[in-house]
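If you read the sequences in order, they're chains L and Z.
The numbering of the first sequence is numbering that gives the first Met the number 0, which starts it at 0 and goes up by one.
The numbering of the second sequence is numbering that gives the first Met the number 0, which starts it at 0 and goes up by one.
If you are wondering where the hints come from, they were derived from the structure by calculation, not from laboratory data.
Values in this document were obtained by computation on a predicted structure and should not be read as measured data.
Be aware that one or more of the hints could be misleading.
Pairs count within a copy or across copies, as identical chains cannot be separated in the list.
[What the hints assert, rightly or not] In the SDA-like style, the derived pairs of lysine to any residue whose C-alpha atoms are separated by at most 20 Å in a straight line are:
1. LYS455 / ASN263
2. LYS48 / GLU74
3. LYS342 / PRO160
4. LYS159 / THR387
5. LYS48 / VAL97
6. LYS342 / PHE75
7. LYS342 / VAL262
8. LYS342 / PRO31
9. LYS455 / GLU320
10. LYS166 / ASP396
11. LYS166 / PRO285
12. LYS159 / ARG93
13. LYS166 / GLY33
14. LYS370 / GLY47
15. LYS48 / PRO89
16. LYS48 / LEU248
17. LYS166 / ARG145
18. LYS455 / TYR389
19. LYS48 / ARG16
Below, each chain spelled out in residue letters.
There are 2 protein chains.
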Amino acid sequence: MHPLSPTDSAFLWMETRNQPMHVAGLNLYTPPPGAGADFVSRLLARWGKQRQAQPPFNLRPVLRLGMWHWEEDQEFELGYHLRHLALPHPGRIRELLVMVSRLHGNLMDRNRPLWEVYVIEGLPDGRFATYIKIHHALVDGVTGARMMASALSSSARGQKPALWAQKLGVHPASRSTVKPAPGLLQQISDIARAGRDILPGIGAGLMDMLRAGAGVAEVDGALPFQAPPSPFNVEISGSRRLAAQSYSLERLRTIGQASGATVNDVTLAICAGALRMYLQAHNSLPKKPLIAMVPVSLHGETDAGGNQVTLLLANLATHVEDPLARLQAIVHSTTQAKQRLSKMPRLQKMAHGMTTISPLGPGIVTGSARKRPVFNVVISNVPGPRQTLYLNGARLDEVYPVSITTHYLALNITISGYCDKLGFGYTACRRSVPAMQRMLDYTDAAIAELEQAVSKPPACADKMPRAPARVRKASAAPRKPASSAASAKPAVPQRRRKVSAS
Amino acid sequence: MHPLSPTDSAFLWMETRNQPMHVAGLNLYTPPPGAGADFVSRLLARWGKQRQAQPPFNLRPVLRLGMWHWEEDQEFELGYHLRHLALPHPGRIRELLVMVSRLHGNLMDRNRPLWEVYVIEGLPDGRFATYIKIHHALVDGVTGARMMASALSSSARGQKPALWAQKLGVHPASRSTVKPAPGLLQQISDIARAGRDILPGIGAGLMDMLRAGAGVAEVDGALPFQAPPSPFNVEISGSRRLAAQSYSLERLRTIGQASGATVNDVTLAICAGALRMYLQAHNSLPKKPLIAMVPVSLHGETDAGGNQVTLLLANLATHVEDPLARLQAIVHSTTQAKQRLSKMPRLQKMAHGMTTISPLGPGIVTGSARKRPVFNVVISNVPGPRQTLYLNGARLDEVYPVSITTHYLALNITISGYCDKLGFGYTACRRSVPAMQRMLDYTDAAIAELEQAVSKPPACADKMPRAPARVRKASAAPRKPASSAASAKPAVPQRRRKVSAS
């Protein structure tokens, strides 16, 4: 019995049928040459023998005296968690995303450990997918990605224990699975000690809010409550739609080098471009820039496992038409936010993050989140493995994160690195974000317009083709990247297969 | 906008992640000869064109002033409700039941009309299945079965509109989709008028409870609170396990004719025999008989649609070892209950039923339902079509109901008639009713022991093989029916394919 941290518990308290609180990863694999039609069945048979789950995969949540605890599931049943599925005819990526969109909308059973592993066969040429769903109370995105990667081998001949059978030791509950709940005095003393560490952080968050309230806005920085109302800041339904696509990391690096931006900033600029086009296509682009909440991992500063994140708010400059000027505004905004964060120790950063988003709670209850959103969209960049990985000899080709949407945050963009690619995963409420699959066309166009912008001298900027005009007549067909110096280079691979749920 | 009846609303109020309140039907089909591998895809393409849903399939629940109403879904999206799935390798009935068990455990999205139609391909020989899930607030079992049957043709050449595109007119909301919510005065007057009609029924229910409390028990009759604690009367989890099997109606009729029992009573006796064996195998057979709650349809007395049922409590005589004596005790108990019901008009019957189960609510809250269950198990017999039906030329072979389990009622048995067969569907909490798939072996054995009992003169009864002894060493392998006069007749078909989820 191990009590959950307040952050981890929040994911259980906040969960409802309309806002499930699990994260997931969708991986695509190619079996080894000559693997045979029963490759997936043999993989499942091998995994099916690993009936013992290691922490945290053997833990289920129980509520004791109003606090959530992890306790070992004494009736752990692998057959419930490990699931074999097949795509219906014709088995395209489209069918895969339709299936995973549905799976992602389902709440897990809290009477059992909060994870589900799906192996999905039936893609062309014997390819298959895994969709692995883990509750956010159990892991944050970084820990989840690390766990998934550590169940894979760096060699085609390697074999690792299944995800749930690994002795990871990364989860707090794995270090003491039988720990008494803290007594009342202990809890008060813990809170007091934590309070001493984090009070300066709370102050910084409050100061940001006061400045925003007083209208002391910086030109390009992003403060809470400066976010405009947008179609993404509405109540959500219980159904989801996913879209996913991989891009060459090299293409983003080239843009970054030419413009003095980090890859993270280029990623934000691509999302900003795509969001601007989506909103223009729906005649709902706000005059004020969208504000993105960007989680920042603190895993480099601690090995505590669980949820170890703070956040910064980035001005996406979606009101700026010129893609290069938009990128520069984003760089300015994130630089400011990172400078402020760099001055704080870890616990202060976490407190700052929590204070910054704390109005989210009352805002959701009172409905003010629609008129005055704290921010408009979550954009999360999760680092991933840099070398090719294998599962039982099958090569991992593509990695897509599938994340959480909540009331008033109907769209989540999570980007996951793998080898020389970045997988963009869009997770949205199927009802409030219509035609979400078009977001992939806009992402293509946003990269192309950035490539074009950085490859031209500034004097030519006003002659650039305007993305919005093209977007308004966009068709559902995949868009070819606009010709540019960057894409003409042989060193830059073409963008990868496009995947989207209908 | 149309307000729900109190009974229909109850299914929305009572619903939680652990007890979803939908019912479903699992149908198995054989495509017409020479149909081709794309038969299912063509069926889906045809259905996909029927984008307009008729009432009640276009209605979603909305809460207004504390009352549930149906309102038309203005953004109805067929692609969300109609779903194409495929069984993974090797595509046996076992894989089908595993899949449907999972689907049945998922809550529906209340932002949309509360139904989902799955077409599942991948069974051997091109066979396929449909699994159709409808919220119990929208239909009761009888209405649901009627709706599903009316979407099928009685001829192999016939084509009917899809389930959701039929103009059925059987649902109250289909007659006035735009009806203002009743004013406060109107509501009070409605309640007063209903009260006048149903008060005698409430009295009868209360009298039953008082008699049970005072220990005035009848020998074979069943009254509320006489039910013993049992492993089925525990809190449930959010996961389900299904088992299903069809039996020849003729076999049950033969048993009934030889013993003077109705087919309904024989059905109850088969369930009683199977439950006795299951409980003996788990060393938990109560000394007192299990009490079954048996819903009784009132559809013959009204055309009001929605939920129109009352119930009777049947003594299952599971403490009686002799199968014939057990059957006779069941006949006695249901005869008494039906005599009492036959003296009441329809609204009184509904009130009687609601009073009889009304302690369920507080009992669930206080946990007393575990020590003093009102009844132990729900056994529901839903009449079905008597002639062979077709879907786009594909022959309907088997029909299985999939029903609801609730806290303290972890097992539901629903039996559905189709042609010359009865499909037994067991729906259970996967966690509280372990090894549920064995129930099918026990059902086989229960029919066989009844056949043996009625085919022998009473003097030989004490030499009959004892089912419990056989059951204790039962294996998972299908049990052959014991040889008996009834099964030796060529007119009696052998039992059909056995299906159970692992």
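These are the hints, each one checked on the structure:
In this assembly of identical chains, LYS455 and ASN263 lie within 20 Å of each other by CA distance neither inside one copy nor across copies; the values are 22 Å within and 83 Å between. For the homomeric pair LYS48 and GLU74, the shortest alpha-carbon distance inside one copy (16 Å) is at most 20 Å, but the shortest distance between copies (46 Å) is not. Within a single copy, LYS342 and PRO160 get their C-alpha atoms no closer than 41 Å, and across copies no closer than 67 Å, so neither meets the 20 Å cut-off. Taking the shortest Cα distances, LYS159 and THR387 sit within 20 Å of each other inside one copy (15 Å), while across copies they are farther apart (53 Å).
Taking the closest pair of Cα atoms, LYS48 and VAL97 come within 20 Å of each other only across two copies (18 Å); inside a single copy the shortest separation is 30 Å, beyond that limit. Within a single copy, LYS342 and PHE75 get their C-alpha atoms no closer than 45 Å, and across copies no closer than 51 Å, so neither meets the 20 Å cut-off. Taking CA atoms no more than 20 Å apart as the test, LYS342 paired with VAL262 passes in neither setting, with 23 Å inside one copy and 80 Å between copies. For the identical chains of this complex, LYS342 and PRO31 are neighbours neither inside a copy (49 Å) nor across copies (73 Å), given an alpha-carbon limit of 20 Å.
Taking the shortest Cα distances, LYS455 and GLU320 sit within 20 Å of each other inside one copy (16 Å), while across copies they are farther apart (91 Å). In this assembly of identical chains, the alpha carbons of LYS166 and ASP396 never lie at most 20 Å apart, being 26 Å within a copy and 49 Å across copies at closest. Proximity of LYS166 and PRO285 under a CA criterion of 20 Å is satisfied in neither setting, with 49 Å inside one chain copy and 44 Å between copies. For a Cα distance limit of 20 Å, the shortest separation of LYS159 from ARG93 qualifies neither inside one copy, at 30 Å, nor across copies, at 29 Å.
In this assembly of identical chains, the alpha carbons of LYS166 and GLY33 never lie at most 20 Å apart, being 32 Å within a copy and 54 Å across copies at closest. Taking the shortest alpha-carbon separations for LYS370 and GLY47, neither the intra-copy value of 50 Å nor the inter-copy value of 38 Å comes in at or below 20 Å. Proximity of LYS48 to PRO89 under the C-alpha cut-off of 20 Å is restricted to the inter-copy arrangement: shortest distance 19 Å between copies versus 32 Å within a copy. Proximity of LYS48 to LEU248 under the C-alpha cut-off of 20 Å is found in neither arrangement, the shortest distances being 38 Å within a copy and 42 Å between copies.
In this homomeric assembly, LYS166 and ARG145 come within 20 Å of each other (Cα to Cα) only inside a single copy, at 13 Å, whereas the closest approach across copies is 54 Å. In the homo-oligomer, the alpha carbons of LYS455 and TYR389 never lie at most 20 Å apart, since the shortest distance is 41 Å inside one protomer and 66 Å across protomers. Neither within a single protomer nor between protomers do LYS48 and ARG16 lie at most 20 Å apart by alpha-carbon distance, with minima of 33 Å and 30 Å respectively.
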